[in-house]
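Student: If you want the building blocks of each chain, they are given just below.
4 protein chains.
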Amino acid sequence: MIKFALMGAGRIGKMHAKNIFSNSKSKLEIVYDLNPHSAKEVANLYGCNIANSPEEAILNNNVDAVFIASATPTHIEYILSSAKAGKAIFCEKPIDLNINKVNQCKKELEQYKVPIHIGFNRRFDASHHSLKQAKVKGEIGNLEMIIISSRDPEPPGVEYLNAAGGFFRDTAVHDFDLTRFILGDDPITEISAYGGVLFSETAKETNDLDTAMFIMKSQLGVLCHINNSRRAVYGYDQRVEIFGSKGMIISDNQSPTSVKKFTNNITNANDPAYHFFIERYDQAYKDQLDIFINCINNNKPTLTNFDDGRNALLIANAAYESLESKKSVKIDYS
Amino acid sequence: MIKFALMGAGRIGKMHAKNIFSNSKSKLEIVYDLNPHSAKEVANLYGCNIANSPEEAILNNNVDAVFIASATPTHIEYILSSAKAGKAIFCEKPIDLNINKVNQCKKELEQYKVPIHIGFNRRFDASHHSLKQAKVKGEIGNLEMIIISSRDPEPPGVEYLNAAGGFFRDTAVHDFDLTRFILGDDPITEISAYGGVLFSETAKETNDLDTAMFIMKSQLGVLCHINNSRRAVYGYDQRVEIFGSKGMIISDNQSPTSVKKFTNNITNANDPAYHFFIERYDQAYKDQLDIFINCINNNKPTLTNFDDGRNALLIANAAYESLESKKSVKIDYS
Amino acid sequence: MIKFALMGAGRIGKMHAKNIFSNSKSKLEIVYDLNPHSAKEVANLYGCNIANSPEEAILNNNVDAVFIASATPTHIEYILSSAKAGKAIFCEKPIDLNINKVNQCKKELEQYKVPIHIGFNRRFDASHHSLKQAKVKGEIGNLEMIIISSRDPEPPGVEYLNAAGGFFRDTAVHDFDLTRFILGDDPITEISAYGGVLFSETAKETNDLDTAMFIMKSQLGVLCHINNSRRAVYGYDQRVEIFGSKGMIISDNQSPTSVKKFTNNITNANDPAYHFFIERYDQAYKDQLDIFINCINNNKPTLTNFDDGRNALLIANAAYESLESKKSVKIDYS
Amino acid sequence: MIKFALMGAGRIGKMHAKNIFSNSKSKLEIVYDLNPHSAKEVANLYGCNIANSPEEAILNNNVDAVFIASATPTHIEYILSSAKAGKAIFCEKPIDLNINKVNQCKKELEQYKVPIHIGFNRRFDASHHSLKQAKVKGEIGNLEMIIISSRDPEPPGVEYLNAAGGFFRDTAVHDFDLTRFILGDDPITEISAYGGVLFSETAKETNDLDTAMFIMKSQLGVLCHINNSRRAVYGYDQRVEIFGSKGMIISDNQSPTSVKKFTNNITNANDPAYHFFIERYDQAYKDQLDIFINCINNNKPTLTNFDDGRNALLIANAAYESLESKKSVKIDYS
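Read top to bottom, the protein sequences are chains H, Y, U and L.
Counting in this note's numbering, the first sequence runs from 104 upward without gaps.
Counting in this note's numbering, the second sequence runs from 104 upward without gaps.
Counting in this note's numbering, the third sequence runs from 104 upward without gaps.
Counting in this note's numbering, the fourth sequence runs from 104 upward without gaps.
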């Protein structure tokens, strides 16, 4: 039974609280949120304690693992406190938006031997995972192309955007990680990025982008394309395609039902895709938690570690450099 | 080069004229239609002669084969004249609506050795044919069920219905034949029929049906279902499913394009199915003609013969008997 | 908080125990099973008490509702004990295999005012339910046909078959209920049934069937077809189609992933369908429980009641009569 | 009746000969090929004359239009001879592989007022065309992204590659044109290109590429991605996706049948896609010819003109420049 301290009881924190509660191998011990009202809500629903400070949660003797689902600027602080206290760490992405802070954190972490998992939820989706497994089993032969279409249902507000670190670090970073996940041992070596503001007022106000495309090349020469948008009216668009010498595998979108409609206008029409990540990756979040718990219980390394979080940020930074310079940019992981 | 006399230059006759013209192995020699205007139209388009009487067309010395696409009541007369004249015969279904006349015709035909093909176009559709071939190759193991959904886009007018011989002999007869085609050597032995008038004014006026369902059993115990409607707003619905010990094969509907639409209401929506048989079975009609020509040229037996036309009618008659008696009816092919 | 006594801790009982445990509005209070080992297993997993007799579970003062998931012959006994004790009842289908016993039970129940829900899980599947809602909203206009394909992955063993009451009462009964669910106020009035043993040794040994087809007619003339098989190698086949004046809706099969494969042999290939009802209707079972709890909490009538269980059995009995007599059989609900 | 001289009787020439023959509004008057055997084959099949020199074909008095399907290096010579002779011109893509020659040809053509059509067949595919029409009608609102996946079934031989002008000018050029077709009035302004040799021995031998990816930006900011491969084992992959403020439209792959297979391994599996362009664009080639004929008959401008051929080449050249410089390259259409 792994006992968790939960840092952050906002939308995503509440979802994690429910998953910790429902998993028969874990228990929600204590919750902390800057907003005491949010913390109390979670405590009432799932019968846990409330911490009055981050330390009270992290240092709690009953706590085995710290689940960091708070605002991004707190992540490194909580990671380091948890590591010092010898707790296992589950940290929602990103580690931080500033690569220097991430590098500094990496150095400090070297002295602590705690398991740390960065929450790249898509790796744990049954369909994306099945695609990866098929690649590993050689079902498509030699991998030659990866194509990811990843579009949010609607653009977020100004407040969110101001804290998000930019479209590439906030959104595309998931797809950079998914590309890395599929490539496995073969690192991405260069990237070209295009972007624009085609529709979003909030993107314009915050000097951000709402539409982007990337090409990346791996060391073995695999060509990878990602396209991103902040708005897709037919729901959360999450498609992954891998192509190789023996065929192609697509992890396609999913709808809440398997209903098909036929009218005088259309045939075979499915419902819109799941609305957003909470719905689309509902099971992936549960499975990710379960796998994290199993890793701790069995003293196995976590499946997405600190370097996964750092490397995805390095690619996002290189993408911004390419957007600026209009050149292909090499990625330096050192 | 097979030279054809075409009997009947209505809608379906015109389509066959075009196909004869376009096939490099055939030539349209002469056309006859009760309505001289229709015959002239075809003659102008495809550069053939016009006959002033059925005999003039059928007995024409240049003519190798007679294509009968005229009104149903003329079919037997033209079949027999053509047979006497030693011409190969392609006769659109049905042979006749009256089984006694069909039996009499069968007896008379015994003395003539001419090839005769009955126009059950669906057997020659690439998808239905591929389904049949997969069954023959054993891809689904032992056949256990056949399920056919077959629905016209909209009900015909009173004039058509008055001449059509009833829903089972006019429409379901195609599906009885398709079931026989799939079953191959294994004959249908009994049938139960249900029907009703659920929407069509013209069906009501003509004492006909607009909706029907059948279950049939074959000698080997295969269970077969057919459902029919005179109206499907999403286009001509033509689905065939076979199910067996090793799997299932479906020959699905087809649309004019492979376009898929995604809006805030729907995803993966295709265009409506092809409107009706002329569009859906366009290629099947061409292939059927080509195969008929090859049979003649190579002295091979035709692929759908007189008995195929007769047997489908026997099943339709048994279906009417079942509808009346509310019992399962055995089918007597003798 | 609804506190449950669970009767029966076999495969299906265990699944219900988990669902009761996970639902934040219910609690598993006590479990009873003839086999103490099974009861103990459930008690260990979900922290509930163990009853030494059915009465001890049903009459327990803390218990609000009795969940009957035990062997069929015990259902009526437990229903009546629970009713007498004033407990709400959730009873897995069937009520009983003998219509006389069901009728007797119905009469006795009249004196008790307890809520009773019969577990027809398919009504609570999101896709089938969405299909029904679309029909109610008039999306397909007037309903004219219902077509259900319902096939198990593999035939059960002799022991199961000996207790199951025959293919129509065990399996087709779900589809009779689903047809009734879609028809709503419009009752099924007659049925024709076909069946055979095409592959299953255990069906042959137990004098049962493994393949069946039905046509039913409703009072308003809707034609309904069901086909059933005890074996489908591509997984649990659960398709429902409704057809009407404005279009068609299909509730299609579902696979564990949305992966599509493309090789030199095939394109667009999905994984096999979910293996069987536990997987396919996983969420439906949870939703069914939740709705039952809400009905009790809000003093609303249950959504599938005693008569739903009885009427489905009456149709199954009429189907056997038709199979025997080879006639269409009228259904008498009195 | 438009009378054609056909230049070139190779594989593609033969297909065009058949289409000219089958179209009731055109006639194949005369054919020329360097190889007299090829010319004779066409003449025998479709009953036309044989020219002993290009001039004999082009200058023939009966000829209204010249169809240029010969080797690329002959295109400009035949275009100019035909223009001087006042004949309408249908020229297979490309005009030439050298932009200076194309520019020189353009200048010379200014003095002649003959219709000229460049054979970009994909614009005339019913599905791609329907996608474009839906965009024009505003069905997806403002266009924001175009994504084209275009992959040949297998790499060509060394001889073909030596004459083809490189992967971008030979293959990607079709997709550059299709992107331009969809964008309409909004020109492509810059491009980034990636490429590699991942599998093809013949590509390596000829210093060519077998795999490529592009990002392009239009003047209005639309982001466009193309990916190309010389080999797709599941058939000729030809997918086009457009995405905008109101939704998405995909023109998907097509198979010879609508058959779906279900086994213990897979469900919903279609046949492989059409093998290659001759099969996939069979109807598009016929429709393209028909539209060209109608343009001449009605004195309307052709739908793909000389500048369409030139502009696609300019983009391909810019793509090579980007591949070399690893920079985004602006496209200069002057």
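There's no promise every hint is true.
The list treats identical chains as one, so a pair stands whether inside a single copy or across any two.
With a cut-off of at most 25 Å between alpha-carbon atoms, the simulated DMTMM-like pairs for lysine to aspartate or glutamate come out as follows [what the hints assert, rightly or not]:
1. K121 x D385
2. K238 x E304
3. K117 x E293
4. K196 x D390
5. K117 x D385
6. K430 x E293
7. K143 x D288
8. K209 x E382
9. K238 x E159
10. K121 x E308
11. K128 x E293
12. K238 x E257
13. K349 x D435
14. K433 x E144
15. K196 x E382
16. K121 x E242
17. K216 x E144
18. K187 x D289
19. K349 x E158
20. K210 x D255
21. K433 x E242
Quick caveat, the hints were computed from the structure, so don't treat them as lab data.
Here the structure is a predicted model, which is why all the values come from computation and not from measurement.
Student: A separate judgement is required for each hint: does it hold in the structure or not?
Tutor: Against the structure, the hints come out as follows:
Taking the shortest alpha-carbon separations for K121 and D385, both the intra-copy value of 11 Å and the inter-copy value of 19 Å come in at or below 25 Å. For a Cα distance limit of 25 Å, the shortest separation of K238 from E304 across copies, 23 Å, qualifies, whereas the shortest one inside one copy, 40 Å, does not. In this assembly of identical chains, the alpha carbons of K117 and E293 never lie at most 25 Å apart, being 38 Å within a copy and 45 Å across copies at closest. For the identical chains of this complex, K196 and D390 are intra-copy neighbours only, at 17 Å inside a copy versus 32 Å across copies, given an alpha-carbon limit of 25 Å.
Taking identical chains as interchangeable, the C-alpha atoms of K117 and D385 lie at most 25 Å apart whether they share a chain (13 Å) or sit on different chains (24 Å). Proximity of K430 to E293 under the C-alpha cut-off of 25 Å is found in both arrangements, the shortest distances being 10 Å within a copy and 12 Å between copies. Taking identical chains as interchangeable, the C-alpha atoms of K143 and D288 are never at most 25 Å apart, the minima being 44 Å within one chain and 47 Å between chains. Proximity of K209 and E382 under a CA criterion of 25 Å is satisfied in neither setting, with 33 Å inside one chain copy and 43 Å between copies.
Taking identical chains as interchangeable, the C-alpha atoms of K238 and E159 are never at most 25 Å apart, the minima being 45 Å within one chain and 55 Å between chains. In this assembly of identical chains, K121 and E308 lie within 25 Å of each other by CA distance neither inside one copy nor across copies; the values are 35 Å within and 49 Å between. When the C-alpha separation of K128 and E293 is checked against a cutoff of 25 Å, the pair qualifies neither within a copy, at 42 Å, nor between copies, at 53 Å. Only between protomers do K238 and E257 lie at most 25 Å apart by alpha-carbon distance; the minimum there is 21 Å, versus 32 Å within a single protomer.
For a Cα distance limit of 25 Å, the shortest separation of K349 from D435 qualifies neither inside one copy, at 32 Å, nor across copies, at 39 Å. For the homomeric pair K433 and E144, neither the shortest alpha-carbon distance inside one copy (47 Å) nor that between copies (56 Å) is at most 25 Å. Taking the shortest Cα distances, K196 and E382 sit within 25 Å of each other inside one copy (18 Å), while across copies they are farther apart (32 Å). For the identical chains of this complex, K121 and E242 are neighbours neither inside a copy (37 Å) nor across copies (37 Å), given an alpha-carbon limit of 25 Å.
In this homomeric assembly, K216 and E144 never come within 25 Å of each other (Cα to Cα): the closest approach is 34 Å inside a single copy and 38 Å across copies. Taking the shortest alpha-carbon separations for K187 and D289, neither the intra-copy value of 33 Å nor the inter-copy value of 58 Å comes in at or below 25 Å. For a Cα distance limit of 25 Å, the shortest separation of K349 from E158 qualifies neither inside one copy, at 54 Å, nor across copies, at 48 Å. Neither within a single protomer nor between protomers do K210 and D255 lie at most 25 Å apart by alpha-carbon distance, with minima of 34 Å and 49 Å respectively.
Within a single copy, K433 and E242 get their C-alpha atoms no closer than 30 Å, and across copies no closer than 40 Å, so neither meets the 25 Å cut-off.
Hint check: violations occur at hints 3, 7, 8, 9, 10, 11, 13, 14, 16, 17, 18, 19, 20, 21; the rest are consistent with the structure.
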